[in-house]
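Working from the sequences, and respecting the hints, build out all of it.
For the protein sequence lines, the chains are A and B, in the order given.
Numbered per UniProt numbering, the first sequence spans residues 1 to 223.
Numbered per UniProt numbering, the second sequence spans residues 1 to 223.
No lab work stands behind these hints: they were computed from the structure.
Do not rely on the hints blindly, as some may be mistaken.
As the list makes no split between identical chains, a pair holds if one copy fits it or if it spans any two.
[What the hints assert, rightly or not] As a list, the in silico DSSO-like pairs of lysine-lysine whose alpha-carbon atoms are at most 30 Å apart:
id: 1; residue 1: Lys142; residue 2: Lys62
id: 2; residue 1: Lys175; residue 2: Lys6
id: 3; residue 1: Lys99; residue 2: Lys119
id: 4; residue 1: Lys111; residue 2: Lys99
id: 5; residue 1: Lys99; residue 2: Lys123
id: 6; residue 1: Lys119; residue 2: Lys199
id: 7; residue 1: Lys31; residue 2: Lys175
id: 8; residue 1: Lys52; residue 2: Lys175
id: 9; residue 1: Lys126; residue 2: Lys199
id: 10; residue 1: Lys79; residue 2: Lys99
id: 11; residue 1: Lys79; residue 2: Lys26
id: 12; residue 1: Lys138; residue 2: Lys62
id: 13; residue 1: Lys104; residue 2: Lys123
id: 14; residue 1: Lys111; residue 2: Lys175
id: 15; residue 1: Lys193; residue 2: Lys123
id: 16; residue 1: Lys193; residue 2: Lys52
id: 17; residue 1: Lys24; residue 2: Lys99
id: 18; residue 1: Lys104; residue 2: Lys207
id: 19; residue 1: Lys111; residue 2: Lys126
id: 20; residue 1: Lys193; residue 2: Lys138
id: 21; residue 1: Lys178; residue 2: Lys6
id: 22; residue 1: Lys181; residue 2: Lys31
id: 23; residue 1: Lys138; residue 2: Lys181
id: 24; residue 1: Lys138; residue 2: Lys52
id: 25; residue 1: Lys104; residue 2: Lys52
id: 26; residue 1: Lys142; residue 2: Lys52
id: 27; residue 1: Lys178; residue 2: Lys52
id: 28; residue 1: Lys199; residue 2: Lys90
id: 29; residue 1: Lys26; residue 2: Lys99
Letter by letter, the chains look like this.
Protein chains: 2
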Amino acid sequence: MATIVKLLGSVGSPFVIRVQIALKLKGIEYKYVEEKLGHLSETLLRYNPIYKMVPVLVHNEKPVSESRVILEYIDETWKQNPILPSDPYKRALDRFWAKFLDEKCMAAAVKSLFITDEKEREKSRKELFEALQFLENKLNDKFFGGEEIGFVDIAALFIPLFQQVAELQLVPGDKFPKLHKWSQEFYNHPVVKEIMPTKEQQFGYFKARAASIAAANNAAASK
Amino acid sequence: MATIVKLLGSVGSPFVIRVQIALKLKGIEYKYVEEKLGHLSETLLRYNPIYKMVPVLVHNEKPVSESRVILEYIDETWKQNPILPSDPYKRALDRFWAKFLDEKCMAAAVKSLFITDEKEREKSRKELFEALQFLENKLNDKFFGGEEIGFVDIAALFIPLFQQVAELQLVPGDKFPKLHKWSQEFYNHPVVKEIMPTKEQQFGYFKARAASIAAANNAAASK
Chain A
1 MATIVKLLGS VGSPFVIRVQ IALKLKGIEY KYVEEKLGHL SETLLRYNPI
51 YKMVPVLVHN EKPVSESRVI LEYIDETWKQ NPILPSDPYK RALDRFWAKF
101 LDEKCMAAAV KSLFITDEKE REKSRKELFE ALQFLENKLN DKFFGGEEIG
151 FVDIAALFIP LFQQVAELQL VPGDKFPKLH KWSQEFYNHP VVKEIMPTKE
201 QQFGYFKARA ASIAAANNAA ASK
Chain B
1 MATIVKLLGS VGSPFVIRVQ IALKLKGIEY KYVEEKLGHL SETLLRYNPI
51 YKMVPVLVHN EKPVSESRVI LEYIDETWKQ NPILPSDPYK RALDRFWAKF
101 LDEKCMAAAV KSLFITDEKE REKSRKELFE ALQFLENKLN DKFFGGEEIG
151 FVDIAALFIP LFQQVAELQL VPGDKFPKLH KWSQEFYNHP VVKEIMPTKE
201 QQFGYFKARA ASIAAANNAA ASK
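Spelled out as structure tokens, the structure:
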């Protein structure tokens, strides 16, 4: 029998890990296919011709891309262990915060990791801390999803991930006590623990990602 | 009795028009409250302290912001005349395309309208046309939603909107015959027609928006 669920990913990508955690929480068996950044397969390019990026979830031969879209697809397709709440207002809030995490927090976090100009890096760090303060204020339970991991927790996983690899204190305990505790709780959740890459794998991903961005920039500059 | 549904908006904002069309399609009565760009009300800032932007939908005193999040909230709260399809895979595709419209098409369209540097404007126009080609290829029915207006149509409304005000051929008929026809069909839909602002209102919005962006940039530069 053909594999029904396939995931095209790259080890260390926070967007791919999101999908892996969701599939694991739901108990869905899947085949993982590693894509090499900078040398993506024909299959990946056919499935995601617009963004040319991982993750792509393939279910019954039909591809879904963009991690937040994939998470919602998984939650609507397999109903067990819901990732989003059932109440429309709470669902709206979860979507709002996940979008906020991508647009405001992750972008600033990546900049504070990779930008070499010290002044620019400081600026990103300030932006990141301002954004994280909103999350700190919002967090009232063990997880954003309450007693269990939910959509916002999964979206926020880059916080403990980046922290592990960069030895960068994204959520220092004295500044963000609730997020700091959340970060540890999340990391120690059995499903998360099983999926999170090792420090070495994570380094490998960042290196490949930086090289692929540099190559794209060089190609654009030489046009 | 207190107003149950309120919409904080600014006439001419494509994001606000999205919400107005969705409410109208669903037949929901609501109170519209105009917000002046650059002089937002205390209420708006309290309801949307993070982005400080319209639209904000307030339902039973509870605020929802970010237009795509609001559209999904409306669709889940009032079930009549669905905006999103019921099938999970089709829902995922709709979410993918709406996100793509915001991230790739609208950003490029705004740049091709506002950037004064000719070379940069040309670059944005090229990016926009590349992105629109994907939409052209996707469109097979009267609307993206099939025979009726759906999530992707509502997300794409900036195309006829910008076209009307800027006399900018975003979707010239010889280049994008299907999108060109769609743009006219969409604009002539009775619900859309009733809600779309006049050319003068639209000009007013662009002027206020440009002024408010310039003011924010000046404030940032003088810090």
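Checking an output row: Lys193 and Lys52, CA cutoff 30 Å. Within, between, both or neither?
within (28 Å within a copy, 37 Å between copies)
Using 30 Å as the alpha carbon limit, work out where Lys111 and Lys126 are close: within a copy, between copies, both or neither.
So Lys111 and Lys126 pass the 30 Å test inside a copy (11 Å) and across (27 Å) alike.
What label fits Lys52 with Lys175 when the C-alpha limit is 30 Å: within, between, both, or neither?
Answer is between; shortest inter-copy Cα gap is 24 Å, intra-copy 38 Å.
Is it within, between, both, or neither for Lys178 and Lys6, if the alpha carbons may be no more than 30 Å apart?
neither (36 Å within a copy, 34 Å between copies)
Checking Lys138 and Lys62: alpha-carbon separation at most 30 Å within a copy, between copies, both or neither?
between (37 Å within a copy, 16 Å between copies)
Up to 30 Å between alpha-carbons, please classify Lys104 paired with Lys52: within, between, both or neither.
both (23 Å within a copy, 14 Å between copies)
I want to check one pair: Lys104 and Lys207. Are their C-alpha atoms no more than 30 Å apart within a copy, between two copies, both, or neither?
Both. Shortest intra-copy (23 Å) and inter-copy (26 Å) distances satisfy the 30 Å Cα cut-off.
Pop the pair Lys178 and Lys52 into one bin, within, between, both or neither, using alpha-carbon distances up to 30 Å.
between (36 Å within a copy, 25 Å between copies)
Intra- versus inter-subunit Cα pairing at 30 Å for Lys99 with Lys119:
Close inside one copy (27 Å), not across copies (32 Å); limit 30 Å.
At most 30 Å between alpha carbons: which applies to Lys175 and Lys6, within, between, both or neither?
Neither way: Lys175 and Lys6 sit 40 Å apart in one copy and 37 Å across, limit 30 Å.
Classify it for me, Lys142 with Lys62: is the Cα-Cα distance of at most 30 Å met within a copy, between copies, both or neither?
between (36 Å within a copy, 24 Å between copies)
Should Lys79 paired with Lys26 be assigned to within, between, both, or neither, using CA atoms and 30 Å as the limit?
both (8 Å within a copy, 27 Å between copies)
Hint compliance for this structure: hints 2, 7, 15, 21, 22 and 28 are broken, all remaining hints hold.
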